[in-house]
Amino acid sequence: MTEVVMQRALVRHEGRLAMMAAVAVLVGVAFMTIGLRGNLALVIELRAVRLAAMVLVGVAVAVSTVVFQTVCANRIITPSIMGLDALYVFCQTALVFALSGFGFAGIDPRLHFLGNFTAMTSLALALFLPMLRRRFDLTLMLLTGVVLGVLFRSLTTLLARLLDPNDFAVLQGTVFASFNAVEPDLLLLAGVITVACVAIAWRARHVLDVLALGTDTAIGLGLAWRATAARLLVFVAALVSASTALVGPMAFLGLLVVSLTERIVGTNRHAILLPAAALTAIIVLVGGQTVLQHALGGEGSLGIVVEFVGGIVFLAILFAGGRR
Amino acid sequence: MTAGSLGSQGFAYWAVGAATLLALFVASLFVGVGELAIGSLASDPEALRLIMISRLPRTLAALLAGSALAIAGLVMQTLARNRFVEPSTAGTAQSAALGILVVTLVWPDAALGWKAAGAAVTALAGTSIFLMLAHRLPPTQPFLVPLFGLVYGGVIGAAAIFAAWHLDLLQYLEVWMTGEFSGILRGRYELLWVAAALVVLAWWTADRLTMLSLGRDVSIGLGLNYAGMLRLGLVIVSAITALTVVVVGTIPFVGLVAPNIVSRFAGENLRHTLPWVAGGGAALVLACDIIGRLIRFPYEVPVGTILGVVGAVLFLVLLLGRSSND
Numbered sequence: 041m042t043e044v045v046m047q048r049a050l051v052r053h054e055g056r057l058a059m060m061a062a063v064a065v066l067v068g069v070a071f072m073t074i075g076l077r078g079n080l081a082l083v084i085e086l087r088a089v090r091l092a093a094m095v096l097v098g099v100a101v102a103v104s105t106v107v108f109q110t111v112c113a114n115r116i117i118t119p120s121i122m123g124l125d126a127l128y129v130f131c132q133t134a135l136v137f138a139l140s141g142f143g144f145a146g147i148d149p150r151l152h153f154l155g156n157f158t159a160m161t162s163l164a165l166a167l168f169l170p171m172l173r174r175r176f177d178l179t180l181m182l183l184t185g186v187v188l189g190v191l192f193r194s195l196t197t198l199l200a201r202l203l204d205p206n207d208f209a210v211l212q213g214t215v216f217a218s219f220n221a222v223e224p225d226l227l228l229l230a231g232v233i234t235v236a237c238v239a240i241a242w243r244a245r246h247v248l249d250v251l252a253l254g255t256d257t258a259i260g261l262g263l264a265w266r267a268t269a270a271r272l273l274v275f276v277a278a279l280v281s282a283s284t285a286l287v288g289p290m291a292f293l294g295l296l297v298v299s300l301t302e303r304i305v306g307t308n309r310h311a312i313l314l315p316a317a318a319l320t321a322i323i324v325l326v327g328g329q330t331v332l333q334h335a336l337g338g339e340g341s342l343g344i345v346v347e348f349v350g351g352i353v354f355l356a357i358l359f360a361g362g363r364r
Numbered sequence: 635m636t637a638g639s640l641g642s643q644g645f646a647y648w649a650v651g652a653a654t655l656l657a658l659f660v661a662s663l664f665v666g667v668g669e670l671a672i673g674s675l676a677s678d679p680e681a682l683r684l685i686m687i688s689r690l691p692r693t694l695a696a697l698l699a700g701s702a703l704a705i706a707g708l709v710m711q712t713l714a715r716n717r718f719v720e721p722s723t724a725g726t727a728q729s730a731a732l733g734i735l736v737v738t739l740v741w742p743d744a745a746l747g748w749k750a751a752g753a754a755v756t757a758l759a760g761t762s763i764f765l766m767l768a769h770r771l772p773p774t775q776p777f778l779v780p781l782f783g784l785v786y787g788g789v790i791g792a793a794a795i796f797a798a799w800h801l802d803l804l805q806y807l808e809v810w811m812t813g814e815f816s817g818i819l820r821g822r823y824e825l826l827w828v829a830a831a832l833v834v835l836a837w838w839t840a841d842r843l844t845m846l847s848l849g850r851d852v853s854i855g856l857g858l859n860y861a862g863m864l865r866l867g868l869v870i871v872s873a874i875t876a877l878t879v880v881v882v883g884t885i886p887f888v889g890l891v892a893p894n895i896v897s898r899f900a901g902e903n904l905r906h907t908l909p910w911v912a913g914g915g916a917a918l919v920l921a922c923d924i925i926g927r928l929i930r931f932p933y934e935v936p937v938g939t940i941l942g943v944v945g946a947v948l949f950l951v952l953l954l955g956r957s958s959n960d
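Chains as they are written, first to last, in the working numbering: chain G, 41 to 364; chain Y, 635 to 960.
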């Protein structure tokens with residue numbers, strides 16, 4: 041590509057980004073204002089907390105998915121589809137199981153998050169790095185990931201059954217949260233982690249561009265693939281922990297968001313792709329929640345709808361790819 | 635070596651298999667909260683009552699559900715021509731749960747039999763769509779079909795959960811999503827004998843089902859009524875799944891694990907492997923139910939939960955073990 045063409049593409053992409061940002065702001069304003077009544081101060085505070093949670097989760101899911109997909113060199117693999125968020129929930133449950141509800145509730149939340157995150161990162165690295173290294177065929181890898189997800193969910197259910205009812209109540213409060221019940225403390229912590237990870241991902245955007253050329257090309261260009269991939273997987277694990285801690289697992293959100301983003305901006309450059317995906321995620325989450333809440337009366341079921349629509353998108357991509 | 639091969643070795647395998655199943659059967663009768671000693675059976679009428687009303691129905695239910703689900707999985711694998719699918723991972727069980735939800739809504743006091751019938755209809759529809767789409771996937775990528783099935787089942791499950799959520803029936807739905815034998819008493823499991831009859835039907839048509847697995851053109855060339863057999867297979871799978879979901883709930887992975895393990899040892903000829911698959915499924919479910927009763931004694935863990943863990947691990951072993959051999 042010549043300089044001029046690249047310049048033009050950049051301007052076009054920046055225009056799109058600005059438009060998406062505007063839409064995101066509009067959707068946010070709509071979420072905050074539609075149907076406002078009653079105790080205004082209280083309602084606005086409640087809504088602001090939920091909006092903040094959705095923005096955080098959207099950004100965390102979008103960035104983690106883009107980075108993970110680039111590391112895996114594929115556009116249908118996402119952290120959730122590979123079972124990473126199920127792994128997080130399992131780690132939580134295992135902690136409650138090991139420490140009992142009382143001990144678990146007594147841990148400093150920061151220490152707790154750190155412990156969780158360490159457990160999860162080491163497990164994720166142990167599971168996924170060999171899988172990426174062996175590079176078996178894509179569908180087998182996906183299938184393995186999906187089954188791993190099933191395994192972690194089943195293990196979680198099993199451990200939850202073995203817990204005493206009191207411990208179980210503690211667990212339920214921390215793991216099976218939704219957008220309706222976000223804890224402000226957790227919000228702050230997740231916010232700090234997300235911002236830090238996003239900053240790191242942003243600094244790594246050029247490395248990601250190189251990785252996106254494919255494993256072999258990237259190694260040929262002098263990239264230390266294994267170390268880079270491992271480092272990026274750690275960020276992904278951190279982001280997944282943050283978003284799952286806030287609202288629980290959302291299997292197909294990342295896939296839905298990134299495949300939408302690709303349609304809208306159509307580029308592999310991470311300087312564009314990362315912010316575009318984050319904006320799309322915010323629009324999908326906040327817009328979806330607004331529509332569900334005011335038009336369909338299905339408040340709180342956004343996760344289920346995302347699961348449904350995202351699952352169908354996944355199948356569509358699978359079919360489109362399989363036919364080729 | 636096939637399981638059906640004559641001679642002393644084949645007979646020894648049969649003897650060991652039968653003895654294992656019998657041992658599990660007896661163990662299942664005597665594991666539980668109520669005190670029960672084998673010696674007391676003859677003298678104590680209460681012990682006998684406990685056996686007849688609770689333990690025996692429960693054990694029989696596990697036996698019937700296990701063997702029927704294993705056969706349903708085997709038939710499903712023949713229909714989809716893929717080793718890695720089974721009713722609970724390809725939308726059949728989720729469709730059945732959706733069907734029960736619909737029947738419950740339209741006709742709240744429906745008898746169990748009617749619920750099973752409604753579930754069978756939706757299971758049939760869901761499975762037909764799965765097979766139609768699965769047959770369009772390229773045969774060069776064998777892992778695409780189970781992946782498709784898992785997500786397809788997830789989508790139908792999400793639809794069912796969304797409906798239940800709106801109707802405030804979420805807890806109700808949960809009962810059919812996790813298989814459990816603890817509620818089984820005399821009078822509460824007998825529908826499963828219908829599933830057993832379907833297993834016999836599958837055995838009777840085993841040779842034709844084997845031909846089905848060779849593909850459309852070959853089986854028509856061999857003189858098989860392909861469309862008719864496909865329909866029969868679909869009915870067997872859907873009805874067995876619907877019956878077990880209505881009576882005990884969803885028990886995952888039995889239909890996947892049992893046939894795959896058996897085919898490793900005994901080959902693919904359905905007439906020979908069918909009894910082994912049925913027995914293997916029964917043994918798996920019985921063993922998991924016993925584990926579920928012992929792991930947190932005196933409380934119980936549902937068999938569906940235990941099998942979710944055991945089955946997923948075995949699935950991974952089969953998946954990755956196979957790929958490293960190829």
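Just so you know, the hints here were simulated from the structure itself, not pulled from any lab data. It is possible that part of the hints are untrue.
If the Cβ cut is set under 10 Å, some of the chain Y residues that face chain G in the computed set are [as the list claims (entries may be wrong)]:
1. LEU656
2. LEU684
3. ALA793
4. ILE854
5. GLY857
6. PHE887
7. THR939
8. ALA946
Even for Gly, the Cβ is constructed at its ideal location relative to N, Cα and C.
Structure-based check of each hint:
1. At its closest, the beta carbon of LEU656 of chain Y sits 28 Å from a beta carbon of chain G; the interface hint therefore is violated under the 10 Å criterion.
2. Contact between LEU684 of chain Y and chain G, as hinted, is not supported at the beta carbon level, the nearest pair being about 25 Å apart and thus beyond 10 Å.
3. Taking 10 Å as the C-beta contact cut-off toward chain G, the hint placing ALA793 of chain Y at the interface holds, the least distance being around 6 Å.
4. For ILE854 of chain Y, the interface hint is violated, since its Cβ never comes within 10 Å of a Cβ in chain G; the closest pair sits about 25 Å apart.
5. A least Cβ separation of about 32 Å between GLY857 of chain Y and chain G goes past the 10 Å threshold, and the interface hint is therefore violated.
6. Taking 10 Å as the C-beta contact cut-off toward chain G, the hint placing PHE887 of chain Y at the interface holds, the least distance being around 9 Å.
7. Given hint, THR939 of chain Y at the interface with chain G, holds; its Cβ is 5 Å from that chain's nearest Cβ, closer than 10 Å.
8. At its closest, the beta carbon of ALA946 of chain Y sits 4 Å from a beta carbon of chain G; the interface hint therefore holds under the 10 Å criterion.
Checked against the numbered hints above, the structure breaks hints 1, 2, 4, 5 and satisfies the rest.
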